[in-house]
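Novice: Sequence:
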Amino acid sequence: MAKLGFLGLGIMGYPMARNLLRAGHQVALWSNTEAKARELAEAEKGVFCETPKQVAEFADCTFLCVGDGGMSEQVILGRDGIIEGAKAGSVVVDASTVGPSESRRIGAALAAKGVHFLDAPCTGSKPGAEGGTLTFMIGGDPAVYEKVKPYFEPMGKRLYYCGGPGMGLQAKLSQNLILSNLLQAFNEGMVLATKAGVDPQLMLDILENSAARSGLVSFKAPFVFRRDFSPQFSVRWMHKDIGLMLESAQELNVPVPLTALTRQMFQAAISSGLADEDICSTIKVLENLAGVEVKK
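For the sequence shown, my numbering gives the first residue as 1, with consecutive numbering after it.
Rather than coming from a laboratory, the hints here were simulated on the basis of the structure.
A couple of the hints might just be wrong.
Okay, the calculated beta carbon distance ranges per label pair [what the hints assert, rightly or not]:
no., residue 1, residue 2, range
1, GLY164, LEU261, 28 to 34 angstroms
2, MET1, ALA111, 25 to 31 angstroms
3, MET1, LEU202, 48 to 54 angstroms
Under the rule of at most 30 angstroms between Cα atoms (straight-line distance), these lysine-lysine pairs were calculated in the BS3-like manner [as the list claims (entries may be wrong)]:
no., residue 1, residue 2
4, LYS87, LYS157
5, LYS113, LYS149
6, LYS147, LYS3
7, LYS147, LYS53
8, LYS126, LYS149
9, LYS113, LYS3
10, LYS147, LYS45
Note that the structure is a prediction, hence the values are computed from the model and not measured.
We put the CB at the ideal spot given by N, CA and C, even for glycine.
Work the whole structure out from these sequences, hints included.
Specialist: Structural data, given as structure tokens:
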């Protein structure tokens, strides 16, 4: 089995790293919250490391999943970072969702040290991470991807090679652009229907049997109906991702007016204290304005 590394043990990273360990790989672990790395190392016979550098010294392929571009750059290129310990010919796989241009800059810095780099953002939220059913979108050298492809398999069931450096991120951001706008449409439609007197469950059944049917709506609606907003993918991180979508659109000279409005609604949710709740909690912003709750 392979000598791997995993850095970042949050809602997604912890179960992803655990799945690699349970697949029989040797996995060196680091987290900004030291207790998480120690806990997982003890529970699943991983290797606890005090710094990202130590992880890279151990591993032939190092994965990371952190919150934003600043964290990713610090973990990879910062003091005691991956770049200081990575061996020439080793591979770094960043499963974080960061800006494509920023990711390419990080990859270029690693390449100068003879270290390969893939951007490999994932989707599937907490249930996908726990069940090993994530979808990965990969950018980088196809030969490097083929070499490390087996290491993805304990974590995800769908792997899409999207092209050169940054292209996995471009695909992920495009997917999240559509998802976030769908969620905003769901919020508006359900609040309007409920305020008018249509039973929410009936409205969902109608949606499920119409051209407006959506996997996102099918999954998130029951959580809204029972007022369960525990985070599977938080408002904070989707707000960050929408910002990256807008940056990418500006770089590519593509107008995205709906997405700009959706980001303002996510900002309203954050300003209302919902940053660390699940993205479906954004419906509360419209509920408060309309004086109605979408529930059973």
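Novice: If a hint holds in the structure, say so; if it doesn't, say that too.
Specialist: We went through each hint and held it up to the structure:
Checking the proposed 28 to 34 angstroms range against GLY164 and LEU261 shows it holds: the Cβ atoms sit about 32 angstroms from each other. Take MET1 and ALA111: their Cβ atoms lie about 27 angstroms apart, and the range 25 to 31 angstroms holds. The supplied range of 48 to 54 angstroms is met by MET1 and LEU202, whose beta-carbon atoms lie about 52 angstroms from each other. Restraint check for LYS87 and LYS157: the C-alpha separation of about 29 angstroms stays at or below 30 angstroms, so the hint holds.
For the hint pairing LYS113 with LYS149, the CA-to-CA distance comes to about 22 angstroms; that is within 30 angstroms, so the pair holds. Restraint check for LYS147 and LYS3: the C-alpha separation of about 14 angstroms stays at or below 30 angstroms, so the hint holds. A C-alpha spacing of about 23 angstroms is found between LYS147 and LYS53, which places the hinted pair at or below 30 angstroms, so the restraint holds. Restraint check for LYS126 and LYS149: satisfied, since their Cα atoms lie roughly 22 angstroms apart, inside the 30 angstroms limit.
Between LYS113 and LYS3 the CA atoms are separated by roughly 20 angstroms; this keeps the pair inside 30 angstroms, and the hint holds. With a CA separation close to 25 angstroms, the supplied pair LYS147 and LYS45 stays within the 30 angstroms bound.
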